[in-house]
Amino acid sequence: MKIFKKIILAIVIIAVVVGVVWIGIHWEELVNFRKMPSGAYAKFMCSALFVDEVSEEQARVIARVSAPVKEINIDYENKTITARSLFYTSTAQYVNDKYGCTLK
Amino acid sequence: MEEYAFKRSSPEEDRIGIRTDGVVIIKDGYLVYERYASEYDASKRHLIWSASKSVTNAIFGVAVKDGYVQLDEPAYLDYAPLNREETHPITINHLLRMSSGLYSNEMYESSPLQSTVNNMLFSAGHLDMGAFAAEQPVVAPPDTQWEYSSLTSTLLMAILKDKIDTATYDDYPWTGLFDPIGIKSAVFERDVSGTFVGSSYVHITPRDMARFGFLFLNDGIWDGEQILAKDWVTYSTTVVPAMQTTKLTPEDLEGGTYGAQWWLNRSVPEWGIPIPFPDVPEDMFYASGHWGQAIFIILSLDMVIAYTADNRDDSMDYNQFLKLILEGVSTGS
Numbered sequence: 139m140k141i142f143k144k145i146i147l148a149i150v151i152i153a154v155v156v157g158v159v160w161i162g163i164h165w166e167e168l169v170n171f172r173k174m175p176s177g178a179y180a181k182f183m184c185s186a187l188f189v190d191e192v193s194e195e196q197a198r199v200i201a202r203v204s205a206p207v208k209e210i211n212i213d214y215e216n217k218t219i220t221a222r223s224l225f226y227t228s229t230a231q232y233v234n235d236k237y238g239c240t241l242k
Numbered sequence: 000m001e002e003y004a005f006k007r008s009s010p011e012e013d014r015i016g017i018r019t020d021g022v023v024i025i026k027d028g029y030l031v032y033e034r035y036a037s038e039y040d041a042s043k044r045h046l047i048w049s050a051s052k053s054v055t056n057a058i059f060g061v062a063v064k065d066g067y068v069q070l071d072e073p074a075y076l077d078y079a080p081l082n083r084e085e086t087h088p089i090t091i092n093h094l095l096r097m098s099s100g101l102y103s104n105e106m107y108e109s110s111p112l113q114s115t116v117n118n119m120l121f122s123a124g125h126l127d128m129g130a131f132a133a134e135q136p137v138v139a140p141p142d143t144q145w146e147y148s149s150l151t152s153t154l155l156m157a158i159l160k161d162k163i164d165t166a167t168y169d170d171y172p173w174t175g176l177f178d179p180i181g182i183k184s185a186v187f188e189r190d191v192s193g194t195f196v197g198s199s200y201v202h203i204t205p206r207d208m209a210r211f212g213f214l215f216l217n218d219g220i221w222d223g224e225q226i227l228a229k230d231w232v233t234y235s236t237t238v239v240p241a242m243q244t245t246k247l248t249p250e251d252l253e254g255g256t257y258g259a260q261w262w263l264n265r266s267v268p269e270w271g272i273p274i275p276f277p278d279v280p281e282d283m284f285y286a287s288g289h290w291g292q293a294i295f296i297i298l299s300l301d302m303v304i305a306y307t308a309d310n311r312d313d314s315m316d317y318n319q320f321l322k323l324i325l326e327g328v329s330t331g332s
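Quick note, the sequences are listed as chains A and B, same order. When we follow the numbering used here, the leftmost residue of the first sequence carries the number 139, and every step to the right adds one. When we follow the numbering used here, the leftmost residue of the second sequence carries the number 0, and every step to the right adds one.
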């Protein structure tokens, strides 16, 4: 039983070390990745609503991304979309009828 | 073709299968077919994703004609972010042909951490996409490796921004290209720095997509006026020389060979490259975008096909789709 526990402990320690090393190696990529879901959602939503002018229901189908997106704010007056995912908030703003939306 | 392309097999929110939003066909100069689905109609724009690269190509075709750019000039000349020794040999031609040697990782959903295109559009590079593209390491000498790269197309639009004054640049897609050929619907989105996102962000109606294709069908001439530089279409539809020296995977060749921001239905047997769409004439070339946007131009049939969709999986087979259209044309149906 003691040997079994030691093996489990060793596996856990190795897994933690490997995980920490992996995170260290990929830290910059992970930081950048964190911004993608909210950025993509805000931009897709803004363009679908204010450039392609589809319904909000259709825009949500188009804009859906793999990661969970919360705190979605659609400001029709200022033509701005704000979305939050992976603890990061992104905003896309409609500019005009030539330049469409820009991710801020 | 309608049964193949327009039959939605699952609810919209599932995003499964072929989900065509629009088809417009021009044959012998006439609009011969038009149909829309979902919420789309003739007046609605559609994001055409990487088919925007072919619009970027056309804007460079205009810029070369106007004398703002030369194909063989070093790309760094007026663009500081590219002014480092290892990028000095890169020319405008190398960038147009996706043969600059600058690093790129084109994966969207399948490799999100490493994806340079996701980083450019939504994360580390989104404020100044041109600078982000220019900062990538050089991984091969120019003209030796072909690598499909969204960064390259937006970098081209950033370079153009520094070659002409701001007021001219801001209107150039319209004054140089869209207005002269009667395109009214085009929206060309930009990053925070004001660079047009030449890789991805043109929104346009399928009718205007067909109009754009018609310009290329007619060798860059519209109503007798030379819109693109002379021989630009020939240049754009010539297979990139670097494909010969690139170790290409079957995935690389799924869309065919490549020209300058255009895909080609062209085999190169001596390089071991087969024709991608065997049931379609080999002189067909096309603009192609994420989730199924396309503008097909078939010179020998005097034909342009604009296609928009939200195809999130691999259900759509362009060879089958085009084969069905061509069968319809031959039977007159």
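Any given hint might turn out to be false.
Below, in silico cross-link-like pairs of lysine to aspartate or glutamate (EDC-like), each with a Cα-Cα straight-line distance of 16 Å or less [what the hints assert, rightly or not]:
#1 A:LYS242 with B:GLU38
#2 B:LYS26 with B:ASP301
#3 B:LYS246 with B:ASP142
#4 A:LYS208 with A:GLU191
#5 B:LYS162 with B:ASP71
#6 B:LYS43 with A:ASP235
#7 B:LYS183 with A:ASP235
#8 A:LYS217 with A:GLU191
#9 B:LYS229 with B:ASP65
#10 B:LYS6 with B:ASP316
#11 B:LYS43 with A:GLU194
#12 B:LYS322 with B:GLU281
#13 B:LYS246 with B:GLU146
#14 B:LYS6 with B:GLU38
#15 A:LYS236 with B:ASP316
#16 B:LYS43 with A:GLU191
#17 A:LYS236 with B:ASP178
#18 A:LYS236 with B:ASP170
#19 A:LYS242 with A:GLU195
#20 B:LYS322 with B:GLU269
#21 B:LYS322 with B:GLU1
#22 B:LYS162 with B:GLU281
#23 B:LYS322 with B:ASP278
#24 B:LYS183 with B:ASP170
Source of the hints: derived by calculation from the structure; they are not laboratory data.
Pairwise hint evaluation, A:ASP235 against B:LYS43, where the allowed Cα distance is 16 Å at most: Between B:LYS43 and A:ASP235 the Cα gap is close to 13 Å, so the pair holds against 16 Å.
Straight-line alpha-carbon gap B:LYS162 to B:GLU281, limit 16 Å: Not OK: B:LYS162 and B:GLU281 at ~36 Å, beyond 16 Å, violated.
Holds or violated: B:LYS6 to B:ASP316, with C-alpha atoms at most 16 Å apart: Measuring from Cα to Cα gives roughly 14 Å; hence the hint holds.
Pair hint B:LYS26 and B:ASP301, alpha-carbon separation not exceeding 16 Å: holds (6 Å)
Hinted pair A:LYS242 and B:GLU38, Cα distance within 16 Å: Violated: A:LYS242 and B:GLU38 sit about 28 Å apart, past 16 Å.
Satisfaction of hint between B:ASP71 and B:LYS162, Cα-Cα up to 16 Å: Between B:LYS162 and B:ASP71 the Cα gap is close to 15 Å, so the pair holds against 16 Å.
Restraint check for A:LYS236 with B:ASP170, where alpha carbons must lie at most 16 Å apart: holds (9 Å)
Satisfaction of hint between A:ASP235 and B:LYS183, Cα-Cα up to 16 Å: Cα-Cα ~11 Å, so holds.
Hinted pair B:LYS322 and B:GLU269, Cα distance within 16 Å: violated (26 Å)
Straight-line alpha-carbon gap B:LYS6 to B:GLU38, limit 16 Å: Status holds; Cα separation ~15 Å.
A:LYS242 paired with A:GLU195 [C-alpha distance capped at 16 Å]: violated (24 Å)
Restraint status (C-alpha distance of B:LYS322 to B:ASP278 at most 16 Å): holds (6 Å)
Hint violations for this structure: numbers 1, 4, 15, 19, 20, 22, all remaining hints satisfied.
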